[in-house]
Amino acid sequence: DVKVTQSSRYLVKRTGEKVFLECVQDMDHENMFWYRQDPGLGLRLIYFSYDVKMKEKGDIPEGYSVSREKKERFSLILESASTNQTSMYLCASSPGGLRTDTQYFGPGTRLTVL
Amino acid sequence: KQEVTQIPAALSVPEGENLVLNCSFTDSAIYNLQWFRQDPGKGLTSLLLIQSSQREQTSGRLNASLDKSSGRSTLYIAASQPGDSATYLCAVSGGANSKLTFGKGITLSVRP
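Listed in order, the protein sequences are those of chains W and Y.
Residue numbers for the first sequence follow our numbering, beginning at 191 and rising by one.
Residue numbers for the second sequence follow our numbering, beginning at 2 and rising by one.
Honestly, the hints are just simulated from the structure, not real lab data.
Don't take every hint at face value.
DSSO-like cross-link-like pairs, simulated, lysine-lysine; straight-line CA separation at most 27 Å [unchecked claim]:
no., chain 1, residue 1, chain 2, residue 2
1, Y, Lys43, W, Lys261
2, Y, Lys100, W, Lys260
3, W, Lys245, Y, Lys100
4, W, Lys245, W, Lys208
5, Y, Lys2, Y, Lys100
6, W, Lys203, Y, Lys43
7, W, Lys193, W, Lys243
8, W, Lys260, W, Lys243
9, W, Lys247, Y, Lys43
10, W, Lys245, Y, Lys2
11, Y, Lys100, W, Lys243
12, W, Lys203, W, Lys245
13, W, Lys245, Y, Lys105
14, Y, Lys43, W, Lys208
15, Y, Lys2, W, Lys247
16, Y, Lys43, W, Lys245
17, W, Lys247, W, Lys193
18, W, Lys261, Y, Lys100
19, W, Lys193, Y, Lys43
20, W, Lys208, W, Lys260
21, W, Lys245, W, Lys193
22, Y, Lys105, W, Lys247
23, W, Lys247, Y, Lys100
24, W, Lys208, W, Lys261
25, W, Lys193, Y, Lys100
26, W, Lys260, Y, Lys43
27, W, Lys193, Y, Lys105
28, W, Lys247, W, Lys261
What the simulated footprint calls covered on chain Y by chain W, stretch by stretch (three residues with Cβ under 8 Å from a Cβ of chain W suffice, anywhere in the stretch; the number is not a length) [unchecked claim]:
no., segment
29, 35-43
30, 46-56
Predicted, not measured: the structure shown is a model, and the values here were computed from it.
For glycine and all other residues, C-beta sits at the position ideal for the given N, C-alpha and C.
Please put together the full structure from these sequences, using the hints given.
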């Protein structure tokens, strides 16, 4: 079974702190994604990556950055957390290439910024 | 820009009922369509994936259909159970290796 893990289920941070959210997948997938999910707005794509050291902006990249130094790990970074970044963050991975497999999701990290 | 709509936002049915969840999308040039399930506070689990060339996919009590030309998909759940209570999300892909566009989901409650 594909396993996507996220470093924390719940996280509470202060405004202005630098926040790292880590995601690891164990199936050698090429593609990895970061979403945030908010009531009434659904899932929105923040950043994605098709390969190591490669990143692409999604629909709402402002205030975020990402890092992919190894194939299995994709990190989301909030350089200076703000209260409007309080949300559920979901990481996903997919095999990539020309395959049309589904995305596999992690359990999510609920981030609260005070 | 692709938009995916799921109406209604919430649905409550008695146990045992057969039900249909609807999904519509604005751009028919999709590569595939997927249905996901999300339990409260959890991540998403893939239920069914339909390629653009396919009309339907089945898994157990679930059947998903796709009418690309009209921009519609339905998820049929037979003999619903309380354990089916969750949020169901529809998502479309614009191409191979492409990002997904999600609907906002339908929150289903199956009453014992």
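Verification of the supplied hints:
1. Lys43(Y) to Lys261(W): It holds: about 24 Å lies between the C-alpha atoms, which stays within 27 Å.
2. Lys100(Y) to Lys260(W): holds (21 Å)
3. Lys245(W) to Lys100(Y): holds (13 Å)
4. Lys245(W) to Lys208(W): holds (20 Å)
5. Lys2(Y) to Lys100(Y): Between lysine 2(Y) and lysine 100(Y) the Cα gap is close to 13 Å, so the pair holds against 27 Å.
6. Lys203(W) to Lys43(Y): holds (21 Å)
7. Lys193(W) to Lys243(W): Distance ~21 Å between lysine 193(W) and lysine 243(W) Cα, so the pair holds.
8. Lys260(W) to Lys243(W): Holds. Lysine 260(W) to lysine 243(W) sits at ~8 Å (cutoff 27 Å).
9. Lys247(W) to Lys43(Y): Holds. Lysine 247(W) to lysine 43(Y) sits at ~25 Å (cutoff 27 Å).
10. Lys245(W) to Lys2(Y): It holds: about 21 Å lies between the C-alpha atoms, which stays within 27 Å.
11. Lys100(Y) to Lys243(W): Between lysine 100(Y) and lysine 243(W) the Cα gap is close to 18 Å, so the pair holds against 27 Å.
12. Lys203(W) to Lys245(W): holds (25 Å)
13. Lys245(W) to Lys105(Y): holds (25 Å)
14. Lys43(Y) to Lys208(W): holds (25 Å)
15. Lys2(Y) to Lys247(W): At roughly 16 Å apart (the allowed maximum being 27 Å), lysine 247(W) and lysine 2(Y) satisfy the hint.
16. Lys43(Y) to Lys245(W): With Cα atoms ~26 Å apart, lysine 43(Y) and lysine 245(W) stay inside 27 Å; holds.
17. Lys247(W) to Lys193(W): Given pair lysine 247(W), lysine 193(W) holds - Cα atoms ~24 Å apart, limit 27 Å.
18. Lys261(W) to Lys100(Y): Given pair lysine 261(W), lysine 100(Y) holds - Cα atoms ~18 Å apart, limit 27 Å.
19. Lys193(W) to Lys43(Y): holds (14 Å)
20. Lys208(W) to Lys260(W): With Cα atoms ~21 Å apart, lysine 208(W) and lysine 260(W) stay inside 27 Å; holds.
21. Lys245(W) to Lys193(W): With a Cα-Cα distance of about 22 Å, the restraint between lysine 245(W) and lysine 193(W) holds, given a limit of 27 Å.
22. Lys105(Y) to Lys247(W): holds (21 Å)
23. Lys247(W) to Lys100(Y): With a Cα-Cα distance of about 11 Å, the restraint between lysine 247(W) and lysine 100(Y) holds, given a limit of 27 Å.
24. Lys208(W) to Lys261(W): The hint holds at about 23 Å.
25. Lys193(W) to Lys100(Y): holds (20 Å)
26. Lys260(W) to Lys43(Y): holds (26 Å)
27. Lys193(W) to Lys105(Y): holds (25 Å)
28. Lys247(W) to Lys261(W): Given pair lysine 247(W), lysine 261(W) holds - Cα atoms ~18 Å apart, limit 27 Å.
29. 35-43: Satisfied; 4 residues make the cut.
30. 46-56: This one holds; 4 residues, not fewer than the three required, reach chain W with a Cβ under 8 Å.
Going through the hint list in order, the structure satisfies each hint without exception.
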